[in-house]
Structure formats: structure tokens, C-alpha cells
Amino acid sequence: MSAGTPSDITSGKDQISRAEGWRRRGPLLPALIFLLVVTQVPFVFTLYYSTQSWNLVRPGSRHFVGLSNYVDVFKDSQFWQVALNTILLIVGTVLISVVLGLLFALLLDRKFLGRGIVRTLLITPFLVTPVAAALLWKTSLLSPTNGLVNWALSPLGVHTDWLSDFPLMSVMAELVWQWTPFMMLLILAGLQSMPKDIQEAARVDGATSFRLFRELTLPHLRRFIELGSVLGAIYLVNTFDAVYMMTSGGPGVSSANLPFYIYQRAFLGFDIGQAAAMGVVTVIGTMIVATLALRLIFKSFSGSEEAA
Amino acid sequence: MSAVPISDATGPDVSSLKRKRNPKAGLLTTLTWILALGFFFPVLWMVLQAFKKETDAATDPPTFFFSPTLEQFKGVFDAGIGTPLLNSVFATVVSTLFVLLLGVPAAFALSLRPVRKTSDALFFFLSTKMLPIVAAIIPLYVIVGKIGMLDNVWTLVILYTAMNLPIAVWMMRSFFLEVPGELLEAASIDGASLWTSVREVILPLISPGIAATALICVIFSWNEFFFAVNMTAVDGQTMPVFLTSFMSGQGLYWAQLSAASVLAALPVVLAGWVAQNKLVRGLSFGAIK
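Chains A and B, in that order, are what the protein sequence lines are. In case it helps, the working numbering puts the first sequence at residues 1 to 308. In case it helps, the working numbering puts the second sequence at residues 1001 to 1289.
Calculated directly from the structure, the hints in this document are not laboratory data. As the structure is a prediction and not an experimental result, all values here were calculated from the model. Some clues are possibly wrong.
[Said to hold, decoys possible] Straight-line alpha carbon distances no greater than 30 Å define the calculated DSSO-like cross-link-like pairs of lysine-lysine that follow:
1. A/299 / A/196
2. A/111 / A/196
3. A/111 / B/1024
4. B/1024 / A/196
5. B/1024 / B/1053
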């Protein structure tokens, strides 16, 4: 937190006395301090570890190596492959689940028999424990011997070992299944906050459904879709369960993402220094993207709330 | 926006595009149902598998008709579901209580009686959610190991509290902001102390919001896997970690795995069904009403 920036919320009000200021701040402090300790202190340690050559398998080998861990990370071609996988996984999952979520939301934004049930059915994948969902996909759907997907596709002559032939796509399919409900709920909230009288008026004026959708609905939904994409991406950066359970990152690193790869380096390879450096690089990359994206989203939201 | 409370999507239908009963609408409805059932089918399949014998669960082609048995659920209980179940309940409930204990005052301080640098504080809370957890796991593991708290469910309680606190603060702040200011002014004119007005005016008003927040925290804690698998082994094991024990090298216990998965997923699925309207708000940090 930077000091010296004038508060933008209390500035208009009369001066608050020092004691009153503390009384107001008091309730905030426990949460703030707790979070600082639990989330920021470890990160400082990560920074420190990233300057150490430290492999748990070689006791006594620990020493300061400056930035050489970072040099190694950047020279590690697997790391780049994994970083690319991570981006593909996030972008692919977000894009597909937004499109499917939009489709479902539009279908649900009508009155029809059993709408509540349909909505409940559709959100369930999001609620299923991610480990259980990953195992379900691995053992029941994508299994090469008795998976439902192969069984359903057998009339077409398809018989594939999805997890070893298309590992990244398999993980993505599972994530799309889990995240589409989230996008659907968000976009549905957007659809239901639309002023219906304008739509009605446009319809009376003879606008076609497609024009209504393109010129009224879609622009209105834009900020909901943006919010969904950013939040989805923030949650998906941490994807671990699906990769760990379904493919263990393999074959090779073809389906590993950054959390899994770093976990592997730290907990299976015991290379603490390297893993820490990768963690720092991941954080920096994420922070840059997330800060830009979030600023955009929350500006768009607070701006339009004032207008409404 | 008018002062309509949280929009209730299951409530009276707000779609004013009332369509007459025509073939097109019927077709759309059928399509919607088919898509929804297809999307839900994997879950249904998981439930079906849980009631099969292992021999029925592993057939090729898949078995759709079978005589259901509770054998697998019995097997799951024999496999020692007790400890992980208790741990999951404990970590979930206690961390959620901690989140409320820390989060309600913080959300209050950031909404109704804003402190200086409110937006800085809010952004700090949010930024902790953007940090990839993996960057903190190594030091956490080392620290927790040094103080002898590995494989201890209290470690998960602390971590889950930190994990859910930012979302909870953002979410509850959005509920606090809906409390009409006039109500508070009226209370203070009547001579109510801050504490009295909090207890008698604000808390009753936002208790549905607090309940929704708690439910979101429950869902996240219950489903959490990354911390659990790295920080616990036997004594502190939770339900998601327990599930992995059914993945033997051969991965043969499909029906029993399904039964365990059903048991692990059931509480959260039920809770989520109840709270589906609030789910979006929690997941979007309160940005959407």
C-alpha cells in the first residue's frame, strides 16, 4: 500500500479526529494483519529462497547464488512449454466456457417448464468437488477401456486414449465442464438486469431478434462477460486438481501447467531454489495481467453503476 | 437501479418477452432440456456407478441397467472415511467462523464508516487472491514443518481462513453498502451507541448476506485440494485427499471411488443448490448484485 495518496472516500467529509480514525480503522486491522502475515510473509520467503541453491536431496549444499536460478528458469525449455500450456489452458477454458455459458444463459432467460430444474442441473458441475470431477472424467468419461466418450463415439469408429493422446485438451474439457456454469450464472445475472422496456420498444419498432441481440443484449452483457473472463482466469491460474488427478502433467510436460510444474520441482524434485524462482516469475506475470484486467473491469462496473 | 434487494433468479419470471405457445418455443425448450441433461449426465453417471458392483462398473460397453447395491458405500466407510470426513467438517466450519469473525468487522470498516485509504485496503485484499498460491506453498511448507504443524488440520483452518477472507470481505462489503444510511442516522439520533445500532439495525439487515458469504466459504474450503494434499498426510487428511486413495496403481476401484466421490460432493452440491443466487455474487467478489 502506498502512503500519501489522499483517501478518495472520506475526503469530502469533515476532518476525522485521530482517535476516531483509529476507532474506525480498528475493526479492519485484525483481518489486514492476518492476511499480511499468512499471504505476504511466505512470498517474501519465496523471494529469498529463489536466490538460494537449495536442493533437499543434497543436504548442506544450500548457498546464495544470486539470480542464477532465474537464469536457469529462463533457459529451461520445459518451463516455457509449461508457461504456454498454462496460457492455453486458461484462455481456451475461458473462451469456450464463456461461449457455452452465453448459450445456456440465453436459453434460460425465457419462461419455460422446469426452468428452475434446468438451471440447477446446469450449475451442478461447478459444485462437484474438483478432485471428484477430475477423477470422474478420468475414470468414467475418458477412459480408453470403458469410458463413456469412446462408447458414445464408437458408432463413428472413434477409439482414442484421450488422456495420453490429447492430454491438454482433455484437461481443458474437464475445466470447461466445471466453469461453464459459473459463466452461465454471471451472464444470466447480466441478462436479468437488462431494462426490458427498451427491448420491448425495439421489438415494437420491428427489430429482429438477431438485431436485438447484437445491438442491445450483447453490448449490455459485455461487462459481465469481461468480469467472467477475468475472474475465471484468476481462479484458473491456480488450477492444480485437474492436472494432478487426470494426467499428472504428462506425457512429459505436455499437459503440465505452472502450479503443477512448480509443485513437481519442489515436492518431487526437492529443488527449492528453482521452484521458488519459478513461483516468483509466475506471480509477476500474473500480477501484470491481472492488474491491467481488473482495473478495466472494475472501472467499467463502478462507472455504469453510477450511470444506472 | 431501484432499491430492489438481491435479484432472485428463481423468483417470479422477469422476462417480459412473453412468447405465445408456438412450435419454436417448444423446440427451444426441448433443446434446453436436452443440453442440460447432457451437461448433467456425468454427475448422474457418477451416482449410478456408486450404486453398482465393481464388476458392473467396469464393463465395456457401460452398464445402464443393474441391480443397485449399497456395497460401495459400506466399502468407503470401511476404508476409513471417518477421519477425513471429520477433518473436512472441522476445517470448513472453523475456518468459516474465523472468516466471519475477521471479515465482518473489516467489511464494516470498509463500507459504512469508511476508513482512510479504503480503496487501497480493498485492493490489497483483492491482490492476495491474484497471487498464484503455488508461489507461497514452499515457504508455507517449510514454516509449517518447522513449527511441527504438518499433517495437522489446524494448519488447513488457518490457510482456508486466509484463502476465503478476501472474497468474504468484498462480498460482505457489498451487502453492507446496501444498508440505507438513513436507518443508521435515525438510530444515532435516537441515541443508540454504535454497538447498539450495529447489533440491532445492521446485523439483522445483512444476516442473509452473511449467511450467503458463509456458504461460499464453506464451498471453497470443502473442495480445497492443493493445500490439503501438500500439508497433510494421514491425520489431517480431508475428503478430497481421501478420494485420491482410491486411485490405486491399476485404478480398479471405480465403483467405490464413485461412492466416495458422491459422499465428498454431496454436501457442497446441496449447499450450492440452496444458494445458487448468491453464488455469483460471492465468486465475483460482490461486483454483481
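Exercise. Are the Cα atoms of residue 111 of chain A and residue 1024 of chain B separated by 30 Å or less?
Worked result: Holds - the C-alpha atoms of residue 1024 of chain B and residue 111 of chain A are around 13 Å apart, at most 30 Å.
Exercise. Between residue 1024 of chain B and residue 196 of chain A, is the straight-line Cα distance small enough, at 30 Å or below?
Worked result: The given pair, whose Cα atoms are some 21 Å apart, holds under the 30 Å limit.
For this session: Assess, step by step, whether the Cα of residue 111 of chain A is no farther than 30 Å from the Cα of residue 196 of chain A, and give holds or violated.
Result: 14 Å, holds
For this session: Compare the distance between the alpha carbons of residue 1024 of chain B and residue 1053 of chain B with 30 Å, and conclude whether the hinted pair is satisfied.
Result: 44 Å, violated
Problem set entry | Agreement of residue 299 of chain A and residue 196 of chain A with the hint, judged by alpha carbon distance not exceeding 30 Å | At roughly 25 Å apart (the allowed maximum being 30 Å), residue 196 of chain A and residue 299 of chain A satisfy the hint.
Violated hints amount to a single one, hint 5; each of the other numbered hints is respected by the structure.
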